[in-house]
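Chemist: Sequence:
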Amino acid sequence: LEAILGSEPAVRGQLLGQQLLALDLHHLAIARFEGVPPDAPRVVLARAHAAVTRWELGQKDTAVEQLRELVEYAPHNPAVATMFATVALYRGQLDAASAALDVAEGWNPLDPAIMVVRSDVLVARHDFPGAVAERRRAFEVARPAFRGRYARALAELHLRLTYQLCEAGADAARTATLLEPSAVESWRLLGSIVYHCRDFAGAADAARRGLQVAPNDAELEFWLGAALWESGQRRGGTVHLRNAADFAPSSEWRRRAEEILGSAQ
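For the sequence shown, our numbering begins at 891 and goes up steadily by one.
Everything labelled a hint here was simulated from the structure, so no lab data went into it.
The reader is advised that the hints may include incorrect statements.
[Said to hold, decoys possible] FRET-style restraints, in silico, Cβ to Cβ:
hint : residue 1 : residue 2 : range
1    : Ser1140   : Ala1023   : 32 to 40 Å
2    : Arg981    : Gly1152   : 16 to 24 Å
3    : Phe1036   : Gly996    : 21 to 29 Å
4    : Ala1014   : Gly1126   : 41 to 49 Å
5    : Glu962    : Ser1121   : 52 to 60 Å
6    : Glu892    : Asp914    : 16 to 24 Å
7    : Ser1140   : Cys1087   : 55 to 63 Å
8    : Asp951    : Leu984    : 31 to 39 Å
9    : Leu1068   : Ala1014   : 25 to 33 Å
10   : Pro899    : Asp1061   : 44 to 52 Å
11   : His916    : Leu984    : 22 to 30 Å
12   : Ala1104   : Ala900    : 31 to 39 Å
13   : Gly1152   : Leu918    : 43 to 51 Å
14   : Glu898    : Leu918    : 14 to 22 Å
Owing to the predicted nature of the structure, the values given are computational and were not obtained by experimental measurement.
Beta carbons: idealized from backbone N, C-alpha and C, even for Gly.
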């Protein structure tokens, strides 16, 4: 917050809006976004964030119309194009989403965010090989500092589709842990994928390494407990499954842990 308040006035409103949005203060965020002066350098991005925030508040029609106007005004802006394409996708407007991405990619041919959203459109069209290819392309063109994030996005798609999960999906998840070893999301993803591929030793190892990054993480405790349980190590598995239930009593991890523990009764 101190850094934001010390920033240039032209960008301060946009940055404050994003900070408020991260704190789930949606109405305050909209006020900041819409308060950005019309001549500010980030006014289009601020208006786009305001529209997406309205979408999250349930003001769907208003949000779609605002984003449609913005993408017509600034078709070269990749952030606006991806926001519009995402809401258009939710509305089932696949052609409109593809058209906005096509124009933006013409201006920004190496923007990996465009490729990720395009992969979602291809999933909606049931072109799973094309969707995977787009996310792989996003990983390949991403800047080194962000490649771990895009490796994770690729692995997540393989898991969601259960498409080439135990080969390319597991490889992408391992790459994510190598590139971002401190990101707990990567270890969760790897544990989930290799568990579903019945590599229980690998799942237990991924969960243990993840727990070094994030002790008491309920999801990692679940994958460790479930992997040990499936490996025949019921006593150790029980400890970690109970940890998963205790650390997140209102989560799916408690429900799934109790299902496994209940199966032994």
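Chemist: Next step is simple, just say for each hint if it's right about the structure.
Modeler: Each hint, compared with the structure:
no.	hint	verdict
1	Ser1140 with Ala1023: 32 to 40 Å	holds (38 Å)
2	Arg981 with Gly1152: 16 to 24 Å	violated (41 Å)
3	Phe1036 with Gly996: 21 to 29 Å	holds (22 Å)
4	Ala1014 with Gly1126: 41 to 49 Å	holds (42 Å)
5	Glu962 with Ser1121: 52 to 60 Å	holds (57 Å)
6	Glu892 with Asp914: 16 to 24 Å	holds (21 Å)
7	Ser1140 with Cys1087: 55 to 63 Å	violated (29 Å)
8	Asp951 with Leu984: 31 to 39 Å	violated (19 Å)
9	Leu1068 with Ala1014: 25 to 33 Å	holds (31 Å)
10	Pro899 with Asp1061: 44 to 52 Å	holds (47 Å)
11	His916 with Leu984: 22 to 30 Å	holds (28 Å)
12	Ala1104 with Ala900: 31 to 39 Å	holds (38 Å)
13	Gly1152 with Leu918: 43 to 51 Å	holds (45 Å)
14	Glu898 with Leu918: 14 to 22 Å	holds (21 Å)
Checked against the numbered hints above, the structure violates hints 2, 7 and 8; every other hint is satisfied.
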